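**Student:** Protein sequence lines, in the order shown, are assigned to chains P and R. First residue of the first sequence: 1, per the working numbering; consecutive thereafter. First residue of the second sequence: 1001, per the working numbering; consecutive thereafter.
Simulated from the structure, these hints should not be mistaken for laboratory data. Be a bit skeptical, because a hint or two may be false.
Listed below are the simulated BS3-like cross-link pairs for lysine-lysine, each with C-alpha atoms no more than 27 Å apart in a straight line [as the list claims (entries may be wrong)]: (1) P:LYS167 to P:LYS143; (2) P:LYS450 to R:LYS1029; (3) R:LYS1346 to P:LYS443; (4) P:LYS64 to R:LYS1450; (5) P:LYS450 to R:LYS1316; (6) R:LYS1450 to P:LYS450; (7) R:LYS1316 to P:LYS443; (8) R:LYS1029 to P:LYS449; (9) R:LYS1029 to P:LYS316; (10) R:LYS1449 to P:LYS317; (11) P:LYS91 to P:LYS141; (12) R:LYS1141 to P:LYS317; (13) P:LYS316 to R:LYS1214; (14) P:LYS410 to R:LYS1317; (15) R:LYS1135 to P:LYS316; (16) R:LYS1449 to P:LYS316; (17) R:LYS1029 to R:LYS1450; (18) P:LYS410 to R:LYS1443; (19) R:LYS1029 to P:LYS410; (20) P:LYS317 to R:LYS1127; (21) P:LYS64 to R:LYS1443; (22) P:LYS410 to R:LYS1410; (23) R:LYS1029 to R:LYS1127; (24) P:LYS58 to P:LYS2; (25) P:LYS64 to R:LYS1316; (26) R:LYS1317 to P:LYS449; (27) P:LYS29 to R:LYS1317; (28) R:LYS1317 to P:LYS443; (29) P:LYS29 to R:LYS1450.
Computed footprint of chain P on chain R, listed as stretches where at least three residues anywhere in the stretch have a Cβ under 8 Å from a Cβ of chain P [unchecked claim]: (30) 1050–1058; (31) 1104–1113; (32) 1121–1128; (33) 1140–1152; (34) 1316–1322; (35) 1408–1421; (36) 1441–1452.
So these bits of chain P aren't anywhere near chain R, every CB distance computed over 12 Å [stated by the list, open to error]: (37) LYS2; (38) GLY45; (39) VAL75; (40) ALA139.
Predicted model only: the values in this text are computed from it and were never measured. For every residue, glycine included, the Cβ atom is placed at its ideal position computed from N, Cα and C.
There are 2 protein chains.
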Amino acid sequence: MKKYDVIIIGGGPSGIVTGVTVKNYYPEKSVLILTEEEKGLVPCGIPYIFHRLGSVEKDAMGFKPLLDAGGEVIVDPATDVNLEKKEVYGKSGETYHYDKLVFATGSLPVEAKFIKGYDLEEVYYIKKSYRYIQKLFDALKGKSRIVIVGGGFIGAEVAEQLVANGKKVVLIESEEQCFSKAFSKQLSKIATDELRKTGVEVKTSMLVEEILGKEGKACGVRLRSGEEIPAEAVILSVGYRPNTSLAVKAGLPLNIMGAIKVDNYERTSVKDVCAVGDCSQTIGFLTGRSDHIMLASTATAEARVLGYNLFGIRIKKNFMGTIAVFSTQINGLTMASAGINENTGKDANVRFMVSEFSDVDKHPGTLPGAHPLTVRLTFSPTDGAILGGEVWGGPTAAEIINIISMAIQKYITVFELISYQIGTHPLLTSAPTKPVLVKAAEKAIIMMKKANGTA
Amino acid sequence: MKKYDVIIIGGGPSGIVTGVTVKNYYPEKSVLILTEEEKGLVPCGIPYIFHRLGSVEKDAMGFKPLLDAGGEVIVDPATDVNLEKKEVYGKSGETYHYDKLVFATGSLPVEAKFIKGYDLEEVYYIKKSYRYIQKLFDALKGKSRIVIVGGGFIGAEVAEQLVANGKKVVLIESEEQCFSKAFSKQLSKIATDELRKTGVEVKTSMLVEEILGKEGKACGVRLRSGEEIPAEAVILSVGYRPNTSLAVKAGLPLNIMGAIKVDNYERTSVKDVCAVGDCSQTIGFLTGRSDHIMLASTATAEARVLGYNLFGIRIKKNFMGTIAVFSTQINGLTMASAGINENTGKDANVRFMVSEFSDVDKHPGTLPGAHPLTVRLTFSPTDGAILGGEVWGGPTAAEIINIISMAIQKYITVFELISYQIGTHPLLTSAPTKPVLVKAAEKAIIMMKKANGTA
């Protein structure tokens, strides 16, 4: 039997970051990651494997950060856990004893069993497994017509990259626009239009009724409308679910979304057992209710908090709930969102108003390379608190959204944002006379004045 | 006699923004800007006039934002003010009566009277006046050898642009490195090295003893070392001072730095009289002492607060003191700073520690177009409060510094930054497993643990 102070099951971003943080702060503790993936996971960069990176290897995360920090990694899938004996059992037959156990088992693609033909050959998912993605990468090499089902970030980004790689791609989305889980109606439309400009054939408000097969292999899809679209491969990208089979087997309770129940410090109801990242529950920042956000950035923030606090709470977790900060770039347009937008706000019965301001990301705007830049703020008409935001334009949009995220997390109001001190530079930002974020807050104040009659 | 609710003297960024804010929030109030500049000012983009923009007109700010908002502009330099009668007198002979008066008279280049020959022809300054810069622009057209004295942001950026425009430029800086007023020793060196790579001949730790003349025209400089450098024009860029002559004439008191004394809401000691921007006093965010920061971004933040509160305090000014956020791009490298760094911290007798983390601004770093990215945090070893930061690398550094600025303004500690929720994306940001800003905070925590023996 091998003994460790900390055993982490799963070698994805939250597992690695938990391990590295523990080793950083408690170098004397022994840390083991048990994983099923010899080469580690392939993380966020998966879509770019298919064109910009050009190989799976270039996106492999590996275990180097943990090994460098003095941790250990054993490739031995955990098959069972005994929470009373504090033991994990590996497929190899080995027993591992822990003082602290962390489930970091991540998420798995939702298998679209509701679509007939989901189990044909040449039907694929976007799994984070190195071996699986390598198989998909190799399989797509000889193919030229691909159908992707699901126009979230991953489906859309994969579609863009496959087209850039010379393939003909049809993307089927059930909603009116792609990206509509994360973006407002307006930004979803902008994003979907950009995706179309790349050459992806996007079919929105369409449902797939059946994956068509020939000799056991997918050869296309039939939509509910009756239309048939031929394809040599079908990629299903219709969401992810927490990977909790091992936790369930061990007897840990799940929440209503099927994620492992944890408190604000990622602790389960069983002493010395934690769960972090996609497999563990997340809570909406504003609503305080369980939600279904799976983002590496959230998972790793949780992992850092967990790592520092694994041997007693030392660093306060400063957020109770997930703001959900998304960003992407389609056809060269950067788009990002954080917190509540019109779609998610209505769903959660939030009272909100929306203000928007556009200018350019350099000043004067006549400078070569200037992009249009828009900030859209969602705020409370009651007190002006910033509840969410969207930013789109040039690449700096992806960091401006992080300013908004901090503003949400710190309960900053539009009134406070007026005295926000920023740096500006002609070649790098919008003008000091009209910093786009601040001007959006200013518009919000004027809207509130009109709505509330305050002065 | 003309009558206005609000008269603003000066049409630079702080004047315009004060006017626009007043009109946004109090559309019923009449607002006049009195200016000496027919075409408005040329703001932050001045260096780029000499190459990237290629004309003064492309950098002119104009008065359109105020006119669009319903304000008025009269080109009539104010020659005197009577604070008791509430009257401003124009050069034209006109009298203007105000209810509220705002000095937004900006700053002027420091005339280097301590250098012999400062008054020769072909000796220039970087003034924000359209006419003056046009004169300089035209004068430099026929010249090929330029000496610039002073390696602050403006001197360095002008030098870079003139070289790009095909001129031979020698830049003389008295300190060991350029940019040393804003950047740490390390970043100043990086910036100076980049400036050299552009082809500017940078001479540091050198003092100019005399500007050499021939028939009343500058023909070079002699350094204290005895070395003589020939030049067809000499540009003196050795700092700016508040433009306060009119305010002094009117009887308003100045502070120790020569700026108009104001309270946190930009109000002078005289009722209904305010001063904003470079001509008014600024206070250091951490020290609470008068400092000498002149930045359009600070000036316009002050102007927004003033505009909203001109008819009674309605919106709290959420900063007492200037964080001083700088950014620039030299030779394609973006560099930025905010708050205290090693240089300014030592000068102000601040106890601080510095942590640093470097990675890349995309993930995986093998993606085409990835830049190295470094964040350096200055923090209190006592409580971990973030006191300052520097960021350098790709263009997003200029927005990451604004995240740090918000962190400083909100008294965020390195412990809190661990649970900062951010958005990451392969093409746009550093990796979720090692977001550069958060990792720098993590390093700070480990440093504090070692230094304080805390656990």
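**Student:** Next, verify each hint and record whether it holds.
**Tutor:** Do the hints match the structure? See the list:
1. P:LYS167 to P:LYS143: holds, 8 Å
2. P:LYS450 to R:LYS1029: Within the cut-off at roughly 17 Å; holds.
3. R:LYS1346 to P:LYS443: Distance of about 41 Å is beyond 27 Å: violated.
4. P:LYS64 to R:LYS1450: holds, 25 Å
5. P:LYS450 to R:LYS1316: holds, 20 Å
6. R:LYS1450 to P:LYS450: The hint is violated at about 55 Å.
7. R:LYS1316 to P:LYS443: Distance of about 17 Å is within 27 Å: holds.
8. R:LYS1029 to P:LYS449: holds, 16 Å
9. R:LYS1029 to P:LYS316: Status violated; Cα separation ~48 Å.
10. R:LYS1449 to P:LYS317: Answer holds: LYS1449 (chain R) to LYS317 (chain P) is near 18 Å, not above 27 Å.
11. P:LYS91 to P:LYS141: Between LYS91 (chain P) and LYS141 (chain P) the Cα gap is close to 33 Å, so the pair fails against 27 Å, i.e. violated.
12. R:LYS1141 to P:LYS317: violated, 59 Å
13. P:LYS316 to R:LYS1214: violated, 69 Å
14. P:LYS410 to R:LYS1317: OK: LYS410 (chain P) and LYS1317 (chain R) at ~17 Å, within 27 Å.
15. R:LYS1135 to P:LYS316: violated, 59 Å
16. R:LYS1449 to P:LYS316: holds, 16 Å
17. R:LYS1029 to R:LYS1450: violated, 59 Å
18. P:LYS410 to R:LYS1443: Given pair LYS410 (chain P), LYS1443 (chain R) holds - Cα atoms ~23 Å apart, limit 27 Å.
19. R:LYS1029 to P:LYS410: Cα-Cα ~35 Å, so violated.
20. P:LYS317 to R:LYS1127: violated, 49 Å
21. P:LYS64 to R:LYS1443: holds, 18 Å
22. P:LYS410 to R:LYS1410: Cα-Cα ~8 Å, so holds.
23. R:LYS1029 to R:LYS1127: Cα-Cα ~32 Å, so violated.
24. P:LYS58 to P:LYS2: Status violated; Cα separation ~33 Å.
25. P:LYS64 to R:LYS1316: It is violated: about 49 Å lies between the C-alpha atoms, which goes past 27 Å.
26. R:LYS1317 to P:LYS449: Distance of about 18 Å is within 27 Å: holds.
27. P:LYS29 to R:LYS1317: At roughly 47 Å apart (the allowed maximum being 27 Å), LYS1317 (chain R) and LYS29 (chain P) break the hint.
28. R:LYS1317 to P:LYS443: holds, 18 Å
29. P:LYS29 to R:LYS1450: holds, 17 Å
30. 1050–1058: Holds, because 3 residues of the segment 1050–1058 of chain R bring their Cβ atoms closer than 8 Å to Cβ atoms of chain P.
31. 1104–1113: violated (count 0)
32. 1121–1128: This one is violated; 0 residues, fewer than the three required, reach chain P with a Cβ under 8 Å.
33. 1140–1152: This one is violated; 0 residues, fewer than the three required, reach chain P with a Cβ under 8 Å.
34. 1316–1322: This one holds; 5 residues, not fewer than the three required, reach chain P with a Cβ under 8 Å.
35. 1408–1421: holds (count 9)
36. 1441–1452: holds (count 4)
37. LYS2: Non-interface label on LYS2 (chain P) holds, nearest chain R Cβ at 26 Å vs cutoff 12 Å.
38. GLY45: violated, 4 Å
39. VAL75: holds, 20 Å
40. ALA139: holds, 22 Å
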